[in-house]
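Asker: Below are the chains, spelled out letter by letter.
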Amino acid sequence: MKELKQQLKATREGYVEGILQAGRQNDRVVVIEGDVSSSIGSAAFNEEFPERFFNLGASEQDMLGEAAGLALTGFIPFVGTYGVFLTGRAWDQIRTGICYMNLDVRIAGAHGGLSVGPDGATHQALEDIALMRVLPNMHILVPADANQTRASVLASLEVEGPVYIRFGRNAVPQIYDKEKKVKIGKGNLLKEGSDITLVACGALVNPALRAAEILEKTGVAAGVIDMVSIKPLDNELLLDQVEGTGVVVVAENHQETGGLFGAVAETLALNLPVKMDVVAVHNSFGTSGSPAEVMGKYGLTASSIAEKARGLLR
Amino acid sequence: MIDKLYLKHLSLQVRLDVLEMVKTARSGHLGGSFSAVEILVELYWNEMNIRPEEPGWQDRDRFILSKGHACPALYSVLARRGYFEPEELLTLRKLGSRLQGHPSMLDLPGLDASTGSLGHGLAVACGIAHGIRLDKKKSRVYCLLGDGELQEGSIWEAAMTASHYNLKHLTAIVDRNRVQLDGDVSEVMEIEPLVDKWLAFGWDVIVAQGHSFQSLAKAFEHCNETLLPSVIIANTVKGKGVSFMEGTSKWHGKYPDDREYKEAVKEIRGNYS
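Those protein sequence lines, which keep their order, are chains A and B. First residue of the first sequence: 1, per this note's numbering; consecutive thereafter. First residue of the second sequence: 1, per this note's numbering; consecutive thereafter.
Take the hints with a grain of salt, since some may be wrong.
Said to hold, decoys possible - Facing chain B, a subset of chain A residues (Cβ under 8 Å, in silico):
# : residue
1 : 59
2 : 65
3 : 69
4 : 72
5 : 74
None of these hints come from the bench; they were simulated from the model. Bear in mind the structure is a predicted one, so any value in this text is a computation, not a measurement. Yeah, the Cβ is synthetic: ideal placement off N, Cα and C, and Gly gets one too.
The task is simple: from the sequences and hints, build the whole structure.
Answerer: Given below as structure tokens:
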């Protein structure tokens with residue numbers, strides 16, 4: 001198993017590093033912001049490339065429409081704001097204005113999941129992955145740490161068509177080093193395990209690794225997949241691992257319907273029906289509190305993952 | 001500049017095409033197509049710098065039909081302008097056709113965007129105007145809006161952006177036919193005072209007669225010279241060209257039966273003789 005580096009860093013910092021590098025590599029990369037550039041950090045792109053940076057104010061529908069227009073003239077726009085408004089308010093623009101034309105727009109949903117914390121339910125994107133996953137042509141990446149977020153931004157330049165990249169606000173432990181690349185359609189096997197497979201993404205990857213450690217102490221060998229690519233899902237890796245274990249727990253910082261659990265369940269239902277359980281938000285809105293408190297209240301923790309695993313193995 | 005009589009003849013042809021297409025498809029939007037005919041003909045024959053034989057030409061002027069339901073008129077204009085054979089027009093809305101019920105760019109070369117969900121087009125046109133400026137090109141982008149469509153809030157988000165960024169390469173045209181699906185725009189949801197609204201949003205506004213090539217040409221000439229994003233409020237008549245279709249919401253999305261079709265053809269031909 002990969003040794004965990006306990007250095008903490010916010011995934012949004014990785015987003016900023018990613019767009020800066022993308023902007024330096026490719027002069028067709030432009031950034032569209034919606035009055036939160038100082039919050040998610042993309043103001044740094046404005047400092048380096050002011051002519052390729054557009055702050056459109058609080059207007060998500062306009063942001064996505066403009067992105068479509070810029071893509072139609074051959075630019076590669078990164079549209080960033082809080083994921084909950086980006087995917088909710090402007091869903092029709094993303095559907096008909098971007099996905100239907102299969103445009104090269106990169107949509108960066110910041111502040112994903114419960115871990116936004118104190119801002120509460122209105123700002124906690126818990127439905128964004130589901131909303132993006134039903135759209136034809138869309139790709140979805142949910143990176144787990146800052147380095148993987150940076151790598152996700154760069155990976156998005158390797159495919160044609162729209163890409164949704166979802167990342168978080170608070171600092172999370174670093175799992176990957178700077179050299180580790182992301183490939184759309186590929187997950188990462190972080191730990192081999194013969195008894196059960198834990199599949200996680202984003203902020204739940206680190207808890208899944210810790211859950212595997214907890215399980216190991218009681219003699220359970222849990223494998224851990226970081227499913228950074230939710231669409232397309234890495235079916236090959238998933239089926240390969242689950243064939244060996246026959247039991248799966250999925251963990252995600254999202255509603256339990258329509259997101260990673262939905263994607264994994266769909267693949268397994270069609271190819272390899274097995275016993276499954278899920279650690280996610282159950283048909284409920286979030287609430288205010290510190291990120292750790294809120295994650296704890298809704299059970300998005302290593303101990304919940306370990307408990308669900310034990311329940312399935314009982 | 002193309003001769004006015006020839007443009008009139010083209011408008012006659014487009015209206016006959018649209019009528020036959022919608023009759024054959026047994027669905028489609030006649031009223032809002034007819035009101036936009038002269039605007040489209042003026043744009044595609046007199047205003048836009050395009051190459052029908054090279055639809056993806058990078059330096060072309062672009063056109064976004066934000067009121068996507070008027071696509072029968074746009075399809076006819078594209079065919080008559082040489083983008084594809086007019087024979088294909090009668091495949092409108094049929095399975096396997098490139099002429100989708102609302103414009104689909106990936107299906108039909110010559111379309112500059114896919115539209116159909118009202119309220120999208122102006123923001124897309126703003127993005128294109130940004131792109132044109134970044135590339136230091138001289139192209140222009142035109143966006144045709146319905147008047148009922150102006151009830152969509154997203155239009156006004158884009159209107160703010162256009163003036164904030166001074167997108168002078170952008171010209172919007174409002175097909176002001178005063179009728180939407182449910183009835184008169186003023187009764188469904190009033191959009192007046194329209195000129196004041198656009199002025200307040202920082203646009204250069206010009207009012208034109210939307211069925212007069214002379215008036216439209218003058219308006220476009222003004223737009224080409226202004227340093228602001230510009231909008232032409234084109235006063236039109238819904239269903240223009242067929243008396244029993246004019247000014248009524250009844251013909252927003254209805255197809256003609258045989259008798260109505262024959263009567264309409266007779267009237268259109270009569271109007272231009």
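Asker: Provide an ascending list of the numbers of those earlier hints which the structure does not satisfy.
Answerer: Violated hints: none at all, because every hint is consistent with the structure.
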